[in-house]
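Let the sequences and hints guide you as you build the complete structure.
So the sequences go chain by chain: A and Z.
If you count by the working numbering, then the first sequence holds residues 1051 to 1343, one letter each, in order.
If you count by the working numbering, then the second sequence holds residues 15 to 332, one letter each, in order.
There could be a bad hint or two in this list.
[Unchecked claim] List time: in silico DSS-like cross-link candidates among lysine-lysine, alpha-carbon distance up to 30 Å:
hint	chain 1	residue 1	chain 2	residue 2
1	Z	K83	Z	K46
2	A	K1128	A	K1228
3	Z	K83	Z	K209
4	Z	K178	Z	K46
5	A	K1060	A	K1337
6	A	K1128	Z	K322
7	Z	K322	A	K1060
8	Z	K21	A	K1128
9	Z	K71	Z	K292
By construction, these hints were calculated from the structure, which means they are not laboratory data.
Please read all numbers here as calculations on a predicted model, not as lab measurements.
These are the residues of each chain, in order.
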Amino acid sequence: MSDPILRTEKLTKDYGRVRALADMDLTIPSGEIFGLLGPNGSGKSTAIRLILGFLRPTLGMASVQGFDCWTQSVEVKKRLTYLPGELRLYENMTGRQLVSFLARLRGEPIDGDMDRLATRFDIDLSRPLVQLSSGMKRKVALLAVLVPRVPFIILDEPTNALDPSMREELLALLREAKIRGQTVMFSSHVLSEVESVCDRVGILQRGRLVHLETMESLRRERVIWARLVAPLQQWPDVPGAKPVTELGREIAFEQTGPPGPLFAWLGTQAVEEIRVEATGLHPVYLKYHGNAA
Amino acid sequence: MGTLIWKLLRDVRTALIVIALLLFGFQILWVKVTQRAVTQISPFFTTIAGRAGINAKLIEEQLFSGPGKIVQMMAGGENMHFERAPDMLSIGYVHPLIQIILCVWAIGRAALALAGELDRGTLELLLAQPVPRGRVIVAHLLVDLMTIPLLACSIWFGTYAGYKILGPFEVNLEEVQKQFAMLPFPVVVNAEFLKVDVWAFAPAIFNIMALMFAVSGITMAISAAGRFRGKVLGLSVVTFLVMFLLNVIAQLWDTISALRPFGVFYYYQPQRIILSGKWDVTLPCGQVNGTLVLLGVGIIGYLVAWMKFRGRDLPAPL
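Have a look at this one:
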């Protein structure tokens, strides 16, 4: 694992008697795209706000590239950009003025990236923000986040208000950021987005980080479903394949590792149809949040 | 820092111009009011008083007796000589409308500066950049130091411009005699009462600036601790309204007169500075410079804001 860009230890935040985030231990290595999942109130925004130094931890600590997120928040923010979930911009500015203003606060010159990205996002930066739709405003804000070449990008539900083609464009940009060596942490409700772009996911439940898993290991898990000509007489004992359902002639296995042995066994059966599906995030997420997904 | 100040000035530019023009325009209007009062109305009363062998102050006391006392207090108190042009002109500096405009600016800007941005949700956009929280407070302080002198000067510029247009004040005796033809004796005018030195009004600018800075500093401290602009605005308005009323009522009611020094308006004495060149106010501990007290209050307010804002949680906007 490369040097961590983010490290939290027992990160905890209380609002009065309410514990919004409890003992969050998380390390994100450089160059990773990390997805933070959880329903509203699960602690995602609190975790992000603690990393940004907006909130003082009740217990524990968070650091970005070794800088403490509360006591050295300016150093931390030199190394990251942030897109808020609830987007509020200076509406008396044009898109260009806003992006330039934020870049000047960072002490960074505006190079050709702003115009290149504006073309790619199909936005007119000369229009006042007050005249733009919420989707267009989000594009401007995304542009402001993506223009600075910082090592860490934090996006809170970045695809809200974006149309499907723009969502794809954004996910492609995140992949490009990863290729450039940037680290991305983003929260989302849309599991398919997280599955398609993230290297690793964390699931928060009532302020606790209850699940951490790489997408690679999730992708290794699949469900193999088959419809037999006749009902199954006896479940086979196949390495890496766990029987999960049997409904008349239809059977399903959760399968990890090489699928060869299971397919070999299926080859001995009279099979009408076979379907292979990646397990994905959905069942994992449902395990913690039930119908909240 | 320059970028942040540019943005803050850009946000207030329209309101700044409007308020400056209001203050400037009001003073021009007040010069006109003064001209009419000292050249057309006052001669009537001073002549009657002179003929009756009484002090003109007695007529004033009758005019300002009962509820009129409050008006007298707001206009500068018992020591004012309404027949004198400088006294009348100086009322333009303590007129409740002027004090309200000054406070509206100072309270409005400071309340919207921190709590307003937090409430709107734009503060997190700003503080997601590598900007120390303390620098935001310093930037607001510097904006105050740029805008407050402009507004305070616009008051004096109004007096200056108004007097250049309408002054020097002169009485057209023939016209006044005709106007007060009912009097069985000629109207007498004391030309000394009409003399005005507009430059004597200039030092009052510092006292005006100090009041605005004090109001801004206190409001900034409230704003740094607040979350909702409405609540911060409400709390600040109530705070200064209580101080204002306390200052007026305590002049009429001796029992609570000892409370006057606890309000910022006690130290707002532009008339005293203009008419007598005295900068001091009386405190139980002795005489103190009121302008310096106001500046001190403003500085303390900003220090409290700085300490509070640096250490507080910034909750997500609702």
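Violations among the numbered hints, reported as their numbers in ascending order: none
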